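Engineer: Can you build the whole structure from these sequences, using the hints too?
Number of protein chains: 2
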Amino acid sequence: MGGRVARQERAVRTRKAILDAAGEVFAEHGYAGATIYDVYNRCGVTKGAFYFHFASKVELAQAVLDEQVSGQIGYLEVPPGERTVKLQEVFDMGLLVAHRLTFDRMLQGSIRLAVDQVHELNRRIPYQAWIDAHLRILTEADERGELLPDVDIPDAAQMIVGAFSGVQLMSEVMSDRSDLEERIAVLYRGLARVIATSETYEQLDLTTDRGKRLMARSEQEQAAAE
Amino acid sequence: MGGRVARQERAVRTRKAILDAAGEVFAEHGYAGATIYDVYNRCGVTKGAFYFHFASKVELAQAVLDEQVSGQIGYLEVPPGERTVKLQEVFDMGLLVAHRLTFDRMLQGSIRLAVDQVHELNRRIPYQAWIDAHLRILTEADERGELLPDVDIPDAAQMIVGAFSGVQLMSEVMSDRSDLEERIAVLYRGLARVIATSETYEQLDLTTDRGKRLMARSEQEQAAAE
Numbered sequence: 001m002g003g004r005v006a007r008q009e010r011a012v013r014t015r016k017a018i019l020d021a022a023g024e025v026f027a028e029h030g031y032a033g034a035t036i037y038d039v040y041n042r043c044g045v046t047k048g049a050f051y052f053h054f055a056s057k058v059e060l061a062q063a064v065l066d067e068q069v070s071g072q073i074g075y076l077e078v079p080p081g082e083r084t085v086k087l088q089e090v091f092d093m094g095l096l097v098a099h100r101l102t103f104d105r106m107l108q109g110s111i112r113l114a115v116d117q118v119h120e121l122n123r124r125i126p127y128q129a130w131i132d133a134h135l136r137i138l139t140e141a142d143e144r145g146e147l148l149p150d151v152d153i154p155d156a157a158q159m160i161v162g163a164f165s166g167v168q169l170m171s172e173v174m175s176d177r178s179d180l181e182e183r184i185a186v187l188y189r190g191l192a193r194v195i196a197t198s199e200t201y202e203q204l205d206l207t208t209d210r211g212k213r214l215m216a217r218s219e220q221e222q223a224a225a226e
Numbered sequence: 001m002g003g004r005v006a007r008q009e010r011a012v013r014t015r016k017a018i019l020d021a022a023g024e025v026f027a028e029h030g031y032a033g034a035t036i037y038d039v040y041n042r043c044g045v046t047k048g049a050f051y052f053h054f055a056s057k058v059e060l061a062q063a064v065l066d067e068q069v070s071g072q073i074g075y076l077e078v079p080p081g082e083r084t085v086k087l088q089e090v091f092d093m094g095l096l097v098a099h100r101l102t103f104d105r106m107l108q109g110s111i112r113l114a115v116d117q118v119h120e121l122n123r124r125i126p127y128q129a130w131i132d133a134h135l136r137i138l139t140e141a142d143e144r145g146e147l148l149p150d151v152d153i154p155d156a157a158q159m160i161v162g163a164f165s166g167v168q169l170m171s172e173v174m175s176d177r178s179d180l181e182e183r184i185a186v187l188y189r190g191l192a193r194v195i196a197t198s199e200t201y202e203q204l205d206l207t208t209d210r211g212k213r214l215m216a217r218s219e220q221e222q223a224a225a226e
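If you're matching them up, the sequences are chains A and B in order.
Residue 1 is where the first sequence starts when you use our numbering, and the numbers rise one by one after that.
Residue 1 is where the second sequence starts when you use our numbering, and the numbers rise one by one after that.
Don't read these hints as lab results, they were simulated from the structure.
Among the clues, some could well be false.
Pairs count within a copy or across copies, as identical chains cannot be separated in the list.
[Stated by the list, open to error] Okay, derived cross-link-like pairs now, SDA-like style, lysine to any residue, Cα gap no bigger than 20 angstroms in a straight line:
| # | residue 1 | residue 2 |
| --- | --- | --- |
| 1 | K16 | R42 |
| 2 | K16 | K47 |
| 3 | K86 | V151 |
| 4 | K86 | V45 |
| 5 | K57 | Q117 |
Quantities reported herein were computed from a predicted structural model and do not represent experimental measurements.
Structural biologist: Have a look at this one:
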């Protein structure tokens with residue numbers, strides 16, 4: 001196997017190995033504390049191979065930041081799960097991300113880069129992508145009559161995304177994320193009451209272990225598809 | 001004036017000048033990017049005088065972080081203002097902080113140190129102080145019958161503080177804080193509906209310019225007291 005296809009496959013694998021290592025290194029050390037050496041050393045890639053894929057630390061960090069939006073794991077996609085109302089999708093996205101944040105090092109690194117004030121990076125990309133995903137689902141939920149009549153959808157989308165960011169940040173500071181899923185469920189039960197009709201509210205599942213159950217479901221579906 | 005009192009006054013002034021400069025430097029460069037040289041150079045203090053007051057960058061940063069809690073400006077104190085309900089105090093604290101965040105460099109530096117993942121610092125201190133201040137007011141509001149019967153006060157306190165942190169963070173990223181006061185007012189109008197009885201809700205002032213008006217009031221009262 002020395003052909004073009006084999007080389008391309010190897011390049012894809014190397015790029016993924018570098019990104020995974022970068023997620024871990026940024027999660028542990030932040031942007032300022034991370035070095036390119038840490039990253040290629042961790043994944044056993046040569047310096048030359050590293051620079052073939054990424055020209056600089058900024059470029060590497062932006063790629064980790066963008067994994068939230070366009071990475072292999074579709075964090076912004078609505079996970080499979082049973083739903084009786086459209087609005088459930090907004091909260092399912094967040095509850096699954098909260099669950100994944102307790103163990104997914106790439107996501108932890110990406111979120112850390114979005115929270116830390118790193119002016120070299122375009123941190124608007126992930127926030128805007130999260131806001132857009134919320135806007136889309138909220139608009140559909142509204143068309144189905146699930147939202148209270150006085151809800152301003154752009155305000156609601158920004159409120160949910162902003163509040164999520166802070167609650168996960170505070171959970172990281174106060175409990176090393178051990179209470180993250182509970183804190184996000186409490187937040188969502190509050191915010192749902194502000195935007196959902198009471199009929200819709202009653203059909204929402206905003207329990208603390210919803211994210212974990214969605215994760216198990218996703219894994220089952222992936223296994224079945226393979 | 002070469003006596004002990006004069007020396008003490010000079011020391012207090014120098015410490016304050018260093019702290020103010022440190023607030024600015026941490027606001028601009030974050031913990032990792034800031035140097036002690038930046039700080040003493042900015043306020044025109046000698047290196048020797050600096051080290052008389054602060055032994056290290058960590059000690060200086062912790063002092064800036066703690067300014068939120070125990071600094072000269074009582075960010076956690078309820079600002080003067082007209083209120084018909086106790087619950088207004090919770091939102092007045094946050095609305096005034098949101099207003100101050102648009103120009104107060106010390107507060108910007110302190111909040112940046114609380115948000116950035118700087119493991120050398122004890123970032124729990126300011127979050128816990130904010131949660132405690134919220135708990136105290138919410139408990140009193142509850143005793144006056146202002147809260148809905150199903151409100152869990154510790155959950156509500158953590159939700160409000162966490163959500164505030166994230167909404168201000170997102171406003172910094174997305175608009176350089178130009179929409180901060182509006183975003184916080186939107187959040188508070190939402191959260192108030194989750195915790196307040198409808199009679200209490202109707203008496204709350206959660207308009208975007210409330211923080212600015214509270215600031216003017218504070219300044220008037222200070223001027224009158226001098």
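Engineer: Are the hints correct? Go through all of them and say.
Structural biologist: Consistency of the hints with the structure:
no., hint, in the structure
1, K16 with R42, "within (13 angstroms within a copy, 44 angstroms between copies)"
2, K16 with K47, "within (15 angstroms within a copy, 47 angstroms between copies)"
3, K86 with V151, "within (16 angstroms within a copy, 26 angstroms between copies)"
4, K86 with V45, "neither (45 angstroms within a copy, 60 angstroms between copies)"
5, K57 with Q117, "both (16 angstroms within a copy, 18 angstroms between copies)"
Of the hints listed earlier, the one the structure fails to meet is number 4.
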